[in-house]
Amino acid sequence: MSQVARIEAQQHHPIKLYLVVWGWLFVLSTCSYLVDYFGLVGYLRWGLILLFMVLKASLIVAVFMHMAWERLALLYAIIVPPTLVLVFVGIMVFESNYTLFSRLAFFVVGR
Amino acid sequence: MVDLPRTDPGAGISRPAGWEGIVADWSSDQRAFKNVSWGKAMMWIFLLSDTFIFSCFLLSYMTVRMSTVEPWPNPSEVFALNIGGRHIPLILIAIMTFILISSSGTMAMAVNFGYRRDRLRTAILMLATALLGATFVGMQAFEWSKLIAEGVRPWGNPWGAAQFGSSFFMITGFHGTHVSIGVIFLIIMARKAWRGDFDRERRGFFTSRKGNYEVVEITGLYWHFVDLVWVFIFALFYLW
Chain A
11 MSQVARIEAQ QHHPIKLYLV VWGWLFVLST CSYLVDYFGL VGYLRWGLIL
61 LFMVLKASLI VAVFMHMAWE RLALLYAIIV PPTLVLVFVG IMVFESNYTL
111 FSRLAFFVVG R
Chain B
726 MVDLPRTDPG AGISRPAGWE GIVADWSSDQ RAFKNVSWGK AMMWIFLLSD
776 TFIFSCFLLS YMTVRMSTVE PWPNPSEVFA LNIGGRHIPL ILIAIMTFIL
826 ISSSGTMAMA VNFGYRRDRL RTAILMLATA LLGATFVGMQ AFEWSKLIAE
876 GVRPWGNPWG AAQFGSSFFM ITGFHGTHVS IGVIFLIIMA RKAWRGDFDR
926 ERRGFFTSRK GNYEVVEITG LYWHFVDLVW VFIFALFYLW
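Protein chains in written order, with the numbering used here: chain A, 11 to 121; chain B, 726 to 965.
I should point out that these hints are in silico values taken from the structure, not numbers from a laboratory.
One or more of the hints may lead you astray.
Claimed, not checked - Just some of the chain A residues that point at chain B, by a computed CB distance under 10 Å:
{"#": "1", "residue": "42"}
{"#": "2", "residue": "64"}
{"#": "3", "residue": "71"}
{"#": "4", "residue": "73"}
{"#": "5", "residue": "74"}
{"#": "6", "residue": "99"}
Stated by the list, open to error - Some chain B residues well away from chain A (every beta-carbon gap over 10 Å; in silico):
{"#": "7", "residue": "811"}
{"#": "8", "residue": "878"}
{"#": "9", "residue": "882"}
{"#": "10", "residue": "910"}
Virtual Cβ for every residue (Gly too), placed ideally from N, Cα, C.
Next up, chain A with everything else stripped away, as it sits in the complex (with noise of 0.2 Å):
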C-alpha cells in the first residue's frame, strides 16, 4: 500500500465525530464566557477558565489536529516539550514577585 493511499486509510473518521467535538467546543466556550457574564472571583474564576481551556485545547488536538490517531512518537515529540513551559512560568512568578517588592518597598512610599 503506497504512503497516501495508508494514511487515507488510517484517517476516515464520520463527519458526526467532528459535528460533535464542534458542538462541546462551542458548549466550554458558552461555559467560559458565563465565568465572565457573571463575574464570579477569586479561585473558583480562575479554575473555571483554566479548566475549560484545557479541555478545549485537548479536543482541539485530540480530535481536530488528529494526535489521538498519530503514532505515540510523534505524540509525545510535540506535546512534551510546551509542558516545560511552565517552569518558566514558575520562574516569572517568582521574577514578578520580586519586582513587585523592590517597586512597592523604594518607589511608591517616596511619591
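With chain A's structure known, arrange chain B on it following the hints.
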C-alpha cells in the same frame, strides 16, 4: 533521484506498546516518525516552535501584569459593547471566539472530505473557513480601531497600567497576523483542490512536488493551531 536504502518507513514494523515502542522508534539510525510524512512532521515541529513564541508573549504579559503597582484595566469592561441599548460585557470577544471555533469545525470537515477525494466539498469548506477567518480579522480591526479611538496606546491608556496596551497590541497583533496568513494559504489550497490538483497529482508551483490531499490536512493543522492559540489568549488575556 537515487533511492537510498532505508528501514521500512511504516506500518510493517511491529512495536511494543507505550513507552517501549517510543524508545524503539527513536533509537538506532532510522526515521523516528515512521508512518508520518515529512510534510506533516515538519508542520508539527514548526507549530511547536510557534507555541514557544506565543508562550513567551503570554509569559511576558503575566510578568508585567503581576509586577505592576498600577491597577490593571478590567477587560470585561474594556471589551464591552452596547447592543440594542443593553450593555453586554466582553461580547465582541465572545463572538470572535465562536467564529474562530466554527472555522475550525469547517476546516476539520474539509480535511475529512479531502481524504474521501470529494474535491468540490473540500474546496467549498476551505473557502468557508477562509471567509470565517477573514471575518475574525475584520472584527479584530474593529476592536483595534475602537480601542485606539478610546486612547489605548502601547505606552498608556485611560484606565490604568500602561502595560495593558503593549501586551494587547503585541499578542492580538501577532495572532491576527497568523490568522491573515492562514486565510491566504487556505485560499491558495482551496483553489488547488477546486482545480483537481490533488486528484491529478499536479506539481506545485513552488515546491514542484506532486499534489495530494494530505496537503489539506497540513494546512488544517496550521489553522487549528491558530484556533488553539486563541483559546489560550481568550482565557489568559480576556477572561483572567
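Structure-based check of all given hints:
| no. | hint | in the structure |
| --- | --- | --- |
| 1 | 42 | holds (6 Å) |
| 2 | 64 | holds (9 Å) |
| 3 | 71 | holds (7 Å) |
| 4 | 73 | holds (7 Å) |
| 5 | 74 | holds (5 Å) |
| 6 | 99 | holds (6 Å) |
| 7 | 811 | holds (12 Å) |
| 8 | 878 | holds (22 Å) |
| 9 | 882 | holds (19 Å) |
| 10 | 910 | holds (16 Å) |
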